[in-house]
Amino acid sequence: MRPGGQPNLQQLMKQAQKMQEQLAEAQAELAEAEVTGTAGGGLVTVTISGSGEVRSVKIDPKAVDPDDVETLEDLVLAALHSANDAVRKLTEQKMGPVAGGMGGLGLPGF
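Heads up: the sequence shown begins at 0 in numbering that gives the first Met the number 0, then just goes up one per residue.
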């Protein structure tokens, strides 16, 4: 802070640029990452990217019952939810340090 309580704008700009670079790096890491979600003890497995793109769905033949399609649908949905939870956790892990650094800017609301 400068005299009179005014922030040093040059310092703020440097901090903002550094955070922007960290954010871009974290986003790139997320885009390359893959996580899986499972349901039914592994009968259904869904793999998605860190950015949320579904990459694959694998269904064990034991989960396929023509007389009970609803259970298979539920398993696929549960595996998708599981994978999305894993992406959320990975995002928090990668983005947390960047978001936490916003408090260091000395700006109201951050």
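For the record, the hints were derived by calculation from the structure and aren't laboratory data. Ideal Cβ placement from N, Cα and C applies to all residues, glycine included. Be careful, since some hints might not be right.
To be verified - DSS-like, lysine-lysine: derived pairs with alpha carbons at most 27 Å apart:
#: 1; residue 1: 93; residue 2: 13
#: 2; residue 1: 17; residue 2: 88
#: 3; residue 1: 13; residue 2: 61
#: 4; residue 1: 57; residue 2: 13
Claimed, not checked - Derived CB-CB ranges, DEER-like:
#: 5; residue 1: 80; residue 2: 59; range: 14 to 22 Å
#: 6; residue 1: 13; residue 2: 69; range: 22 to 30 Å
#: 7; residue 1: 35; residue 2: 13; range: 54 to 62 Å
#: 8; residue 1: 9; residue 2: 77; range: 46 to 54 Å
#: 9; residue 1: 84; residue 2: 11; range: 31 to 39 Å
#: 10; residue 1: 16; residue 2: 57; range: 37 to 45 Å
#: 11; residue 1: 24; residue 2: 66; range: 34 to 42 Å
#: 12; residue 1: 41; residue 2: 12; range: 18 to 26 Å
#: 13; residue 1: 22; residue 2: 56; range: 24 to 32 Å
#: 14; residue 1: 70; residue 2: 10; range: 55 to 63 Å
#: 15; residue 1: 56; residue 2: 15; range: 38 to 46 Å
Here is what the structure says about each hint:
At most 27 Å may separate the alpha-carbon atoms for a hinted pair to count; residue 93 and residue 13 meet this at roughly 21 Å. Simply put, residue 17 and residue 88 have alpha-carbon atoms about 23 Å apart, close enough for the 27 Å limit, and the pair holds. Between the alpha carbons of residue 13 and residue 61 the distance comes to roughly 57 Å, so the proposed pair goes past 27 Å and is violated. A hinted pair counts as satisfied when its Cα atoms are at most 27 Å apart, and residue 57 with residue 13 does not qualify at roughly 47 Å.
About 18 Å separates the C-beta atoms of residue 80 and residue 59, a value consistent with the hinted range of 14 to 22 Å. Between residue 13 and residue 69 the CB atoms are about 57 Å apart, so this pair departs from the stated range of 22 to 30 Å. For the hinted restraint 54 to 62 Å between residue 35 and residue 13, the CB-CB distance of approximately 39 Å leaves it violated. Between residue 9 and residue 77 the C-beta distance comes to about 52 Å, which sits within the given range of 46 to 54 Å.
A C-beta distance of roughly 36 Å is found between residue 84 and residue 11, which places it inside the suggested range of 31 to 39 Å. The hint said 37 to 45 Å for the Cβ distance between residue 16 and residue 57, and at roughly 43 Å that hint holds. In this structure the supplied range 34 to 42 Å is violated for residue 24 paired with residue 66, their Cβ-Cβ distance being about 50 Å. The hinted window of 18 to 26 Å between residue 41 and residue 12 is violated, with their beta carbons roughly 50 Å apart.
A C-beta distance of roughly 31 Å is found between residue 22 and residue 56, which places it inside the suggested range of 24 to 32 Å. Restraint check, residue 70 to residue 10: a C-beta distance of roughly 59 Å satisfies the suggested window 55 to 63 Å. For the pair residue 56 and residue 15, the beta carbons lie near 41 Å from each other, so the given range of 38 to 46 Å is met.
The structure is inconsistent with the numbered hints 3, 4, 6, 7, 11, 12, although it conforms to all the rest.
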